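Heads up: the protein sequence lines correspond to chains P and D, in order.
Every letter in the first sequence is one number past the one before it in the numbering used here, and letter 212, counting from 1, is 212.
Counting the second sequence from 1 gives a position; the numbering used here is that position plus 1000.
No lab work stands behind these hints: they were computed from the structure.
Treat the numbers as computed from the prediction; the structure is a model and nothing was measured.
Yeah, the Cβ is synthetic: ideal placement off N, Cα and C, and Gly gets one too.
A portion of the hints provided could be inaccurate.
[Claimed, not checked] Only pairs whose alpha carbons sit at most 30 Å apart, straight line, appear in this in silico DSSO-like list of lysine-lysine:
no., chain 1, residue 1, chain 2, residue 2
1, P, Lys148, P, Lys237
2, D, Lys1032, P, Lys148
3, D, Lys1032, P, Lys246
4, P, Lys254, P, Lys238
5, P, Lys246, P, Lys172
6, P, Lys237, D, Lys1032
7, D, Lys1032, P, Lys238
8, P, Lys233, D, Lys1032
[As the list claims (entries may be wrong)] Short, incomplete list of chain P residues facing chain D, as computed with Cβ under 7 Å:
no., residue
9, Asp13
10, Lys121
11, Asp122
12, Tyr155
13, Arg156
14, Leu212
15, Glu217
16, Gly235
17, Phe236
18, Leu240
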Amino acid sequence: MSAATIEPGSFRDPHSRVVEADGQVLRLLSEQGLRDWNALATSELFRGSVAEGKLVGTEIEAEGGADLPDGLVDGAAAVLRHEVVPFVSYPYEWTFAMLKDATLLQLELLRRALDEDLLLKDSSPYNVQWRGAQPVFIDVGSFEALRKGEPWVGYRQFCMLFLYPLLLQAYKGMPFQPWLRGSLDGIEPQECRELMSFRDLFRSGVLGHVLLHARLERRNADSNRDVKGELRKAGFKKELIVANVKRLERLVGKLEWRPGASEWSDYGPRKHYTDAASEQKDEFVRRVAAERNWGLAWDLGCNDGRFSRIVAEHARTVIAMDADAAVVDGLYRSLRADGDTSILPLYVDVVDPSPALGWRGEERRTLSDRGTPELTLCLALIHHVAISGNVPVRDFLGWLRSLETKLVIEFPTTDDPLVQRLLARKQEGTHPDYERGYFERSLGELFDVASSEELSSGTRILYVAQPKV
Amino acid sequence: MQTVLAYLDPGSGSMLLQLLLGGAAAAGIGLKMTWRRVLGFLHLGKKHSDPA
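Using the sequences plus the hints, can you model the full thing?
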C-alpha cells in the first residue's frame, strides 16, 4: 500500500486515528481501540445501524500489523476501512434542521449502544456526515465498552456542540453557525446561561441543562474532587444515562426554528422569472448537465435547489450552497422528505466561505480543500457577490477559474429589476465593473465560452464555459 | 477498580448534574455519596480500602 496521510482533524482520540491512502479512508486502532472495535463489531447495534444507513460501513482491513500503510505500522494494532462519504461538511455549514437530525442520530446511537453495554465516549457533531439529506455517523472509534458506575463522559460536550446551539436558535432566534465557526469546542454552559433571560428558564431544558449546569460547573471549577470515582463507589447506574438520553431525545425532538422572512423566502422563489424564461433556463442547465456523468457538482446560490435537482440526475453528488440559512433549511427538509441521497445542502456564503480552522489551521479544512467540482452552477448569483458583496467581477471570475471547473453562469444585466434594486442602495458609479461587456471580456480571458443564450426576459444571459488551459 | 481516564474532560459539574437530572432514581446514590463525604470529613471512612 502506498503512503498515507493522517487526517489532521482526528488527533484527539489516541485510540483511533483516521488516515487517507489511495482515496480510501482507514482508521488505525490502538490495542484498546481494537478491543472497543471488537465489542462494537459483534453488536446488534453495529449490524442494524449500518444496514439502516445510520452508521458508516466499516470493515477490518488488517490486524496485527500486517499490510498497514507505509510509515503507519508503529503502534497500530489494527486498521479499519470505511465507506467514503461523498463530501465532508461541518456543523457551521448546516442549518437548524440538519443539526437537529444529527443530534437525534447521536442520541439514538447512544441509547442503542447503552442497551448493549456500549457507550459513545464523545459527542461531536463533526462525527456526523451526510449522504445527501441523510445523516450518517462516521466515527466508529467513538464506541467503547461501558465501564460500570461511570457517568456519561460526553454529556458536557453534547451540550456545548449539539444542545446549546439548538436551544439558542430555537428559543432566541440566534444563528448557531457563526458561533460554532468561531469556537470549535462549542458554547460553554456559562456562555449559554448568560444569554438566557428569566423567562427562558421556564422553557424546556433550560433550567437543568443550562442554568444548573453552569452553576455546578462554576462551583466545582477549582475542585480536586474525584467525582467520577465518588459516583462509581456510590453506585451510579447505566439507567440514569439512559433516562437522561431519552429526556434529551424528547426535548430535541420538540425544538423548532421558525425563521423570519428572509430575503429569498420573502418574495418566493423565481417570481422574477416569467414561465418561459424559467423553462428556458431549466432546459439550458439540463443540456449542459446531460453532457456526461459528473462526480462532484456545486450549485452556488442554490435557492430552492431547482437546478441542483436537474444536475443531480447526472452527478454523483451535488453540493447545494446558499447564504440564506432559511432557504437552505427549507431545501434540506424538502430533500429529506424525498429521501434524497445525492444533494447535500449547505449554508455557505461564497463571499465568506468556510476557512481552515483548528490546530495548526488544519483540523477543519476550507471548502475547496474538501473537493473541487467538475461542474459548477453560478446562476443568479454574480450580482449579489459583486454589488452586495463588493467583490470585483473579475476577481470573482478568477476564483471560479481557480476551481478548474466547467461553469454555467448567469449574468443579469443592469436593466434587470433585481440588479437595479441592488444598485439603488449604492452610491452611483460604485460598480463600474458590473457591466455586460466587461463581464464577457473577463469571462473570455479566463474561460473558453462554449455557448451563451439570452433569456426571453431580455435582461439575463446564460453562459457555459470551460477553464482556459 | 482503577478509574479509566477518558480523553475528554467530563467536567465535575457536568457529572454531578447527571445525578441531579436523575431525580428520584438517583436520590439514593446522591445520599450515599453525601454520606461517604460526611464520613470522610469526620475521618470515619475506611482508609485505603479501595486501590483506586
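Hint-by-hint comparison with the structure:
{"no.": "1", "hint": "Lys148/P to Lys237/P", "in the structure": "7 Å, holds"}
{"no.": "2", "hint": "Lys1032/D to Lys148/P", "in the structure": "17 Å, holds"}
{"no.": "3", "hint": "Lys1032/D to Lys246/P", "in the structure": "25 Å, holds"}
{"no.": "4", "hint": "Lys254/P to Lys238/P", "in the structure": "25 Å, holds"}
{"no.": "5", "hint": "Lys246/P to Lys172/P", "in the structure": "24 Å, holds"}
{"no.": "6", "hint": "Lys237/P to Lys1032/D", "in the structure": "13 Å, holds"}
{"no.": "7", "hint": "Lys1032/D to Lys238/P", "in the structure": "17 Å, holds"}
{"no.": "8", "hint": "Lys233/P to Lys1032/D", "in the structure": "9 Å, holds"}
{"no.": "9", "hint": "Asp13", "in the structure": "6 Å, holds"}
{"no.": "10", "hint": "Lys121", "in the structure": "6 Å, holds"}
{"no.": "11", "hint": "Asp122", "in the structure": "6 Å, holds"}
{"no.": "12", "hint": "Tyr155", "in the structure": "5 Å, holds"}
{"no.": "13", "hint": "Arg156", "in the structure": "4 Å, holds"}
{"no.": "14", "hint": "Leu212", "in the structure": "6 Å, holds"}
{"no.": "15", "hint": "Glu217", "in the structure": "3 Å, holds"}
{"no.": "16", "hint": "Gly235", "in the structure": "5 Å, holds"}
{"no.": "17", "hint": "Phe236", "in the structure": "6 Å, holds"}
{"no.": "18", "hint": "Leu240", "in the structure": "4 Å, holds"}
Of the hints listed earlier, there is not a single one the structure fails to meet.
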